Amino acid sequence: MKLAFRLMLSAAFFLCLPIIDAAAEELAGLVKSVEGQATLLRGLETEAVVPGMEIKMGDILKTGDEGAVGLIFSDDTVIAMGPRTELAVEDYLFEPVEGKLSFIAKILRGTISYLSGQIAKLSPESVKLVTPAATIGVRGTHVLIKVD
Amino acid sequence: MVNIHLRRCLVILCCGCLMTACSPKNVVVLVPDPDGSVGRITVANAAGSVEIDAANESTAIRDAKTAPSPPAEMEKKDIDQLFSEALAIQPQPPVHFILYFEKDSTQLRPSSAAMLTDILSTIQARQSEHISVVGHSDTLGDKTYNLSLSMRRAAAVKQRLVQKGIDEAHIDITSHGEENPLVKTADNVSNPKNRRVEVVIR
Chain A
67 MKLAFRLMLS AAFFLCLPII DAAAEELAGL VKSVEGQATL LRGLETEAVV PGMEIKMGDI
127 LKTGDEGAVG LIFSDDTVIA MGPRTELAVE DYLFEPVEGK LSFIAKILRG TISYLSGQIA
187 KLSPESVKLV TPAATIGVRG THVLIKVD
Chain V
0 MVNIHLRRCL VILCCGCLMT ACSPKNVVVL VPDPDGSVGR ITVANAAGSV EIDAANESTA
60 IRDAKTAPSP PAEMEKKDID QLFSEALAIQ PQPPVHFILY FEKDSTQLRP SSAAMLTDIL
120 STIQARQSEH ISVVGHSDTL GDKTYNLSLS MRRAAAVKQR LVQKGIDEAH IDITSHGEEN
180 PLVKTADNVS NPKNRRVEVV IR
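Chains A and V, in that order, are what the protein sequence lines are.
For the first sequence, the numbering used here begins at 67 and goes up steadily by one.
For the second sequence, the numbering used here begins at 0 and goes up steadily by one.
These aren't lab readings, by the way, just hints derived from the structure by calculation.
Note that the coordinates shown come from a computational prediction; the quantities given were computed from them, not determined experimentally.
Everything hinted at is true.
If you want the ones that stay clear, here's a sample from chain A, every Cβ over 10 Å from chain V, calculated:
| hint | residue |
| --- | --- |
| 1 | E92 |
| 2 | L106 |
| 3 | G109 |
| 4 | L110 |
| 5 | T112 |
| 6 | A114 |
| 7 | V116 |
| 8 | M123 |
| 9 | G124 |
| 10 | I126 |
| 11 | A154 |
| 12 | D157 |
| 13 | K166 |
| 14 | S168 |
| 15 | S189 |
As a list, the in silico BS3-like pairs of lysine-lysine whose alpha-carbon atoms are at most 27 Å apart:
| hint | chain 1 | residue 1 | chain 2 | residue 2 |
| --- | --- | --- | --- | --- |
| 16 | V | K183 | A | K166 |
| 17 | V | K102 | V | K142 |
| 18 | V | K142 | A | K166 |
Idealized CB from N, CA, C, for every residue including glycine.
Bound-form chain A, shown alone (with noise of 0.2 Å):
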């Protein structure tokens, strides 16, 4: 009878998994392509980057002497990485239906390409990158950034 219940329980689950996902879509974007060494580091635990491997808010990424590292946002944003460039996903927040809509990237170090997606298009004021010097707000656009 338990068991039964139980069952009928994690059935519940997996049906209502697809409403979850759409719901909550924590994922920011995807590794679309790695050259060289690149680690990701999520909380306190750090992994090598390989492609498909997805970006959430709050990642920071890296990568070594010959590495390079091209992003995919859900919103379209592309993101890509030189050899020793350091990036923080700071704040990422798509959920157009609600106007919710957040994109704060940090480039601590190295270089960086920036092609603009929905977010910027929907909000500029939603998207900052910000170096250790200055604060790039943008629109529509692709932009080079390199920080010493």
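We have chain A already, so just place chain V on it with the hints.
The following block gives chain V in isolation, referenced to the frame of chain A:
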């Protein structure tokens, strides 16, 4: 002009090597979008801000207490030298397709069925392994029913792509039901624009 500007960058870099506590130095360049258009950026810190709205214009920022330098054009070869590795790995922006369906059905409307060829050729051209298929419905009828209907629509599109040789593992399907309408309507409204599946090729 640009050369002088660049040489100054180099000098500052050398200073950084000599003095241990040298502030970071940033360079920002606005370049054309893939479609050729040029956007606009504002580079600002506590000391000031500059607006850039022309292709290949750049600004240099010595530190957070020094205003960004006035915009100056950066030569193509200098841009390549500084950013070639990042630009070389930059993924192409995703492509979106919207497919429409008959009412309460997983049957594609004829014009959308024809679009499948474009979808397949785009997947093949960029050898994409990241294809999202997201199903949507209009608000007519029950919410739960619509969620399952839009899931069946997404599954039907996936099935068509798999039949044409796309690897099943590369296609991710989700259902948003009536929650993400293209056209906002009241509940219980039939709307052909909301009966759709969005295919995103990354």
